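**Student:** So the sequences go chain by chain: A and B. Counted the way my numbering counts, the first sequence spans residues 1 to 396. Counted the way my numbering counts, the second sequence spans residues 397 to 921.
All the pointers check out, no bait thrown in.
Pairs of lysine to aspartate or glutamate, DMTMM-like flavour, derived with a Cα cap of 25 Å:
1. A:K280 / B:D735
2. A:K288 / B:D755
3. B:K823 / B:D766
No lab work stands behind these hints: they were computed from the structure. The structure presented is a predicted model; accordingly, all values stated were derived computationally and were not measured.
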Amino acid sequence: MTDKTVSLPEERRHGSFIKNNLRNYGMLMSLVAIMLFFQVVTGGTLLQPLNLTNLVLQNSYIVIMALGMLLVIVTGHIDLSVGSVAGFIGAVAALLMVTYKVDYTLAFIACLALGAAIGAAQGYWVAYFKIPSFIVTLAGMLVFKGLALAVLQGQSLGPFPATFQKLSSGFIPELLPEAGTLHPTSMLIGALLALGLVYASAKGRSREQSHGIEVEPYGFFLGKSIVLACAVLYFTYLIATYRGLPNVLVIMSALIALYGFVTRRTVIGRQIYAVGGNAKAASLSGIKTERLTFLTFVNMGVLAALAGLVFAARLNTATPKAGLGFELDVIAACFIGGASAYGGVGRVGGAVVGAMIMGVMNNGMSILGIGIDYQQVIKGLVLLGAVCIDVYNQRR
Amino acid sequence: MTAMLEMRNVSKSFAGVQALRDVNFSVRAGQIHALVGENGAGKSTLMKVLSGVYPHGSYEGTIIFEGEERRFRDINDSEALGIIIIHQELALIPLMSIAENIFLSHPPSKFGVIDRDEVYRRTRELLAQVGLKESPDTLITDLGVGKQQLVEIAKALSKRVRMLILDEPTASLNEADSAALLERLMAFREQGIGSILISHKLNEVAKVADHITVLRDGRTVDSIDCHAEPIQEDRIIRSMVNRDMAHRFPERNVKIGEPVLDVENWSVYHPIHPERQVIKNVSFGVKRGEVVGIAGLMGAGRTEFAMSLFGRSWGTNISGIIRLEGREIALPSVAAAIDAGLAYVTEDRKQLGLILADDVRKNITLASLDQVAPSRVIDDIAELKVASDYRNRMRIRCADVYQETGQLSGGNQQKVVLSKWLMTDPKVLILDEPTRGIDVGAKYEIYCIINELAEAGRGVVVISSEMPELLGICDRICVMNDGAFVGEFKGSEATQEKIMRAIMRNERSIGNAAPAAAEMGGSQP
Chain A
1 MTDKTVSLPE ERRHGSFIKN NLRNYGMLMS LVAIMLFFQV VTGGTLLQPL NLTNLVLQNS
61 YIVIMALGML LVIVTGHIDL SVGSVAGFIG AVAALLMVTY KVDYTLAFIA CLALGAAIGA
121 AQGYWVAYFK IPSFIVTLAG MLVFKGLALA VLQGQSLGPF PATFQKLSSG FIPELLPEAG
181 TLHPTSMLIG ALLALGLVYA SAKGRSREQS HGIEVEPYGF FLGKSIVLAC AVLYFTYLIA
241 TYRGLPNVLV IMSALIALYG FVTRRTVIGR QIYAVGGNAK AASLSGIKTE RLTFLTFVNM
301 GVLAALAGLV FAARLNTATP KAGLGFELDV IAACFIGGAS AYGGVGRVGG AVVGAMIMGV
361 MNNGMSILGI GIDYQQVIKG LVLLGAVCID VYNQRR
Chain B
397 MTAMLEMRNV SKSFAGVQAL RDVNFSVRAG QIHALVGENG AGKSTLMKVL SGVYPHGSYE
457 GTIIFEGEER RFRDINDSEA LGIIIIHQEL ALIPLMSIAE NIFLSHPPSK FGVIDRDEVY
517 RRTRELLAQV GLKESPDTLI TDLGVGKQQL VEIAKALSKR VRMLILDEPT ASLNEADSAA
577 LLERLMAFRE QGIGSILISH KLNEVAKVAD HITVLRDGRT VDSIDCHAEP IQEDRIIRSM
637 VNRDMAHRFP ERNVKIGEPV LDVENWSVYH PIHPERQVIK NVSFGVKRGE VVGIAGLMGA
697 GRTEFAMSLF GRSWGTNISG IIRLEGREIA LPSVAAAIDA GLAYVTEDRK QLGLILADDV
757 RKNITLASLD QVAPSRVIDD IAELKVASDY RNRMRIRCAD VYQETGQLSG GNQQKVVLSK
817 WLMTDPKVLI LDEPTRGIDV GAKYEIYCII NELAEAGRGV VVISSEMPEL LGICDRICVM
877 NDGAFVGEFK GSEATQEKIM RAIMRNERSI GNAAPAAAEM GGSQP
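The whole structure should be built from the sequences, with the hints applied where relevant.
**Tutor:** And the structure:
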């Protein structure tokens, strides 16, 4: 086996390197630009520790569902039912915990299992009966919206047990002595995370180098690492000066890391992309395309259930209107993040950034006092614009 | 009588490949002119030049129709003069009625509102003219293929038709429908309409044609006036296939060993029309180090046979026995077939072989991810090394293994597909049209790879419509027609004429009775 790498002319290498990375980081830069914009026009309110914490709490359930939706979209499908499913699960959780006083751990697990069952029920029709996912999940959207109403009998149901509320409104416990308003445990975790990220990417780079694989220029790598570490540190610092890391942020980060890993590095992730890229070719390569499609819907069901629980815990009550319209934000997040409506293309990082763009815009516009009417108009235009830019880039 | 249509010195090339060279072709009014030739001989290209699909300027030569030189910009120009082409793949909209289909583009109307009475009246007239007894309201999807063909002709007649071009019109018809269609053609002859009939079925051609032109490699090689001389089938076949061996094939070092794949009594039914037996109890075998060719016309069932073997990826109600290295095995899924050591390189690399938006590396490892993913997590460095290794070995020309396969040339794409299957370390490879759409240089490289595979002791099956290719690279050639093997030749003894004769003999003995060919799905380009 030869370890030779291709050597291209120097200028072309750097040219293509920058071009490729512009596409990868383009959305991230848009997010930074949007944040700066709102930071300025809101007179610094956006990045105040309190507001930042709220921003995370408000968008956590969108991000969680976007992870599942990304996989569904990558396989070439769509799930319109996630909002209704989240609302329905919230209602069931309230029924179990408030009305029947079921233990919250048990209720939590039961709700996730119910989400999986819902996903399986929908995925079955899509994967094995080849019914378009748009139709199946449109039906699901109506069914679960109706069931949520039925379970709650049109009333709000709450409050939840205090421990369950911690899922959304709790913060990680403080183990170290407090220093003024700063929460040292959170700060420490942030610092460790920043170090870990830089270490991991340095190790990956040197590993590639030792195998003679072409790597990014050292200057670029160094700059990227410094920016990344500073961003993580600054963000945790802001959060730590309010009440520390929210529990839900920890859950969300863990999920993002997990799904990022699964999509990029595992066999099942690779196969999901292959199914979306060319289902026939994938199936003739021995991939069980139907089962994978089915599993992405099961996964989506579980994440929709989790999001429903987080949302219910945050409101501390289950309402018949919970989850209304969530699917639109979730789907928009995936497409803003560069997923292709034809399947086969999309990144976890992109979907997360897409969700954050939507979240920052919601939050920023609310601070500015822009009415809900024009907020929607602007969000719609941003979605269209982001996808147009992406399509234009791909044509080039 | 002077010619109604004259095409003079027509030449046309595609990206360096000469599809037509100095073709002269003429049709008189009231004449049925048959155009015969192998797959890829240039028949369809010639007809596309005539009908304006390839506009004036994209080819060389002149077209004279009804006494004037014509320069068609598109198909509308030729249709306006009454040159109507009916393609092999029918272009009807299944969920619309006969009347709606016939008057799809220019329905009779008043102030933009369709005049339904007029539509029905004229549809009835046209249906009577083609001899189709159906209500104008009947949906196309409720008609058989034979009747659909008649609707196409009625649609052609709804326009002012002077010359009718039929591309393999009977390929998917049964005997009665074919006979009816040919009778229509003869009726048109009486009305002074000129017809061009493209067909593989020499018995049909012999029955109706006034004149036969044989094309080979884009040239006119024979022209027969059927009224002046008796039709000799042998002569036509010889003209069709007898070409100089322009391609060169690499030297081979043949060492044939034990049987590796044996198929017995294999039978497959059509997935959509389950009453139709597509593969008819065939037996087939390959030995280690052997290259076996499967020859046949398009739609003979070769692709269907291969795909049904490969984990039942085509057809229903599959029965028969597969033995791999003497052991009887069941291959219920593609994954099982791959595990057992079978590989199938599809005929259509873009639709079925590659994920075009993915890079070379991901495509190569797709069928054998386990090799680079201990415990289901992909070792990206191992993957990169494997991919780079194949890139060097197969001489895949790409910037690096991260390049999208969609950006590669046909030959390099094919090498990526071959790499994918080599990585599964198969005992038997089935290559379906491995050199279709590939330039001559890349073809040679593919032949070299095939030889290397055989020399390494693998069994190789090559399905190809290019007979010289089969003659150049195979140790044995099996001829398939209408879902059965109708001839087998040693590589050294086979000639194109023998193969063609085996096919034609069979075509005639089954007559047109078999609803073969075009409908079998998937095998036509």
